[in-house]
Structures are given as C-alpha cells and as structure tokens.
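Working from the sequences, and respecting the hints, build out all of it.
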Amino acid sequence: EAGVTQSPTHLIKTRGQQVTLRCSPISGHTSVYWYQQALGLGLQFLLWYDEGEERNRGNFPPRFSGRQFPNYSSELNVNALELEDSALYLCASSLYYRAVNSPLHFGNGTRLTVT
Amino acid sequence: GENVEQHPSTLSVQEGDSAVIKCTYSDSASNYFPWYKQELGKRPQLIIDIRSNVGEKKDQRIAVTLNKTAKHFSLHITETQPEDSAVYFCAASIEGGSQGNLIFGKGTKLSVKP
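Protein chains in written order, with the numbering used here: chain A, 1 to 115; chain B, 1001 to 1114.
Just so you know, these hints were derived from the structure itself, not from any lab.
Hints are not guaranteed to be accurate.
Over 12 Å on every C-beta distance to chain A, these chain B residues come out as not near it, computed from the model [to be verified]: (1) S1009; (2) E1056; (3) T1069; (4) K1071; (5) E1083; (6) S1085; (7) G1105; (8) S1111; (9) P1114.
Partner residues are not named here, just some residues of chain B that face chain A (Cβ under 7 Å, in silico) [said to hold, decoys possible]: (10) E1039; (11) G1041; (12) R1043; (13) K1106.
Note that CB positions come from ideal geometry on N, CA and C, so glycine has one too.
This is how it looks when you write it as structure tokens:
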C-alpha cells in the first residue's frame, strides 16, 4: 500500500512569492490534514479537509489556504511568503472524518525555505 | 480550542533506564490521545494511542496512562535502547467529530546514551 505522498520534497522561494504544495492521501482515505513544523515549534495544525470540504482551520492567517480535489488529493497554498514561513510542511491522511480507530498517517513533508 | 502542553522538552537517559513524558490537555471533550515518534529527518509515526474509556495501555516496552479527571496523560518507555532516541509528540482530539484534527504538544527530544 502506498503511503501519503507529498511534492515537491524541497522548495526555495523569495519573500513575497506564492507557493503551492501537493499531497496525495493513502488510497481509501478521505481526510487530509496539513501541519507546519517549524524549528522548535512542534507540529502546528493548519488545515483539515474531508470530502472536499474544509472541516477545521488552525490559527494561521488567511494567506494560508488550500483545497481538496474529487480524488481526495489536496493542495496547500501560501501567498505573500514571509521568512517565518520557512518550515517543514507535513500532510497526513485518515479515513472519513467520522470514523473512529483511524490514526493519522504522515507523508515525508515538503521543506520550504524562504529567503 | 484544545491546547496540549508537553514536558520535558528534552530528556536524556542511560540505556536501560526508563523514560517518562507527560502531557496535559485543556478540552475535557477530547477522547483520543496518540503518541508519535519522529526520528531525525523522518516522518512522525504513531507508536501507541489511548482512548478515554481506557486508563492504561501497554505495547511491549511502551505504555501510556490517562487521567481524565486531571486531564493528563503520560508515555512510559522501559528498558530504553539507543534506537529509542527521537522526538516524541503527544496529541489530543475529539475522535469522529468536527474537532477530529489532532492538536500536538511541542515535543520531547529523548536521547538514550549507550
């Protein structure tokens, strides 16, 4: 079974630019979660999508946005990049959001560096 | 919303000793508490989880305890080995509902010295 896949693996952008990160969940999973892992700050919850809808959002500004496609893959968009957006962006997936006993499975992440 | 506090931030033990990591949560409705292990340069991976209808769960050298009244839960690793060295994250959520996203603690960097 293929795991959660993310692309690209690494990305270097300049302040003010925009970036799009991509995630494909495990087959059969409909929920996709995005987390930001900046140095020393743990895993900060960004966004959660299920069945194409945004289910919940973390405490991040509106320039962080995303969407989920009919095949359950997802994109995370970050506009007007700032230096502090430099981080590892992790995507995770799980079964349908009302399911129990469905742990999150993480991808390897996208390392974003903003200069 | 939910807030998860995790202590200590760093922990160093000798091989063979036990390690304990503690977490507290704020939302009394939270009912699912997983622990993830993240080795250097790798993805976080689930090592054990516990639900609010259970007070303790064991899996070989790893155990987790939950005190719902005090809203805290702990990870216990016995007979530590060098390969246990990693960052450990606790998390909490309301499973099966609209607050099902995990909220993580800030992590504990465990170092096991041979």
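ask   = Against the structure shown, which of the earlier numbered hints fail to hold, in ascending order?
value = Checked against the structure, the hints that fail are numbers 1, 7, 10, 11, while the rest are satisfied.
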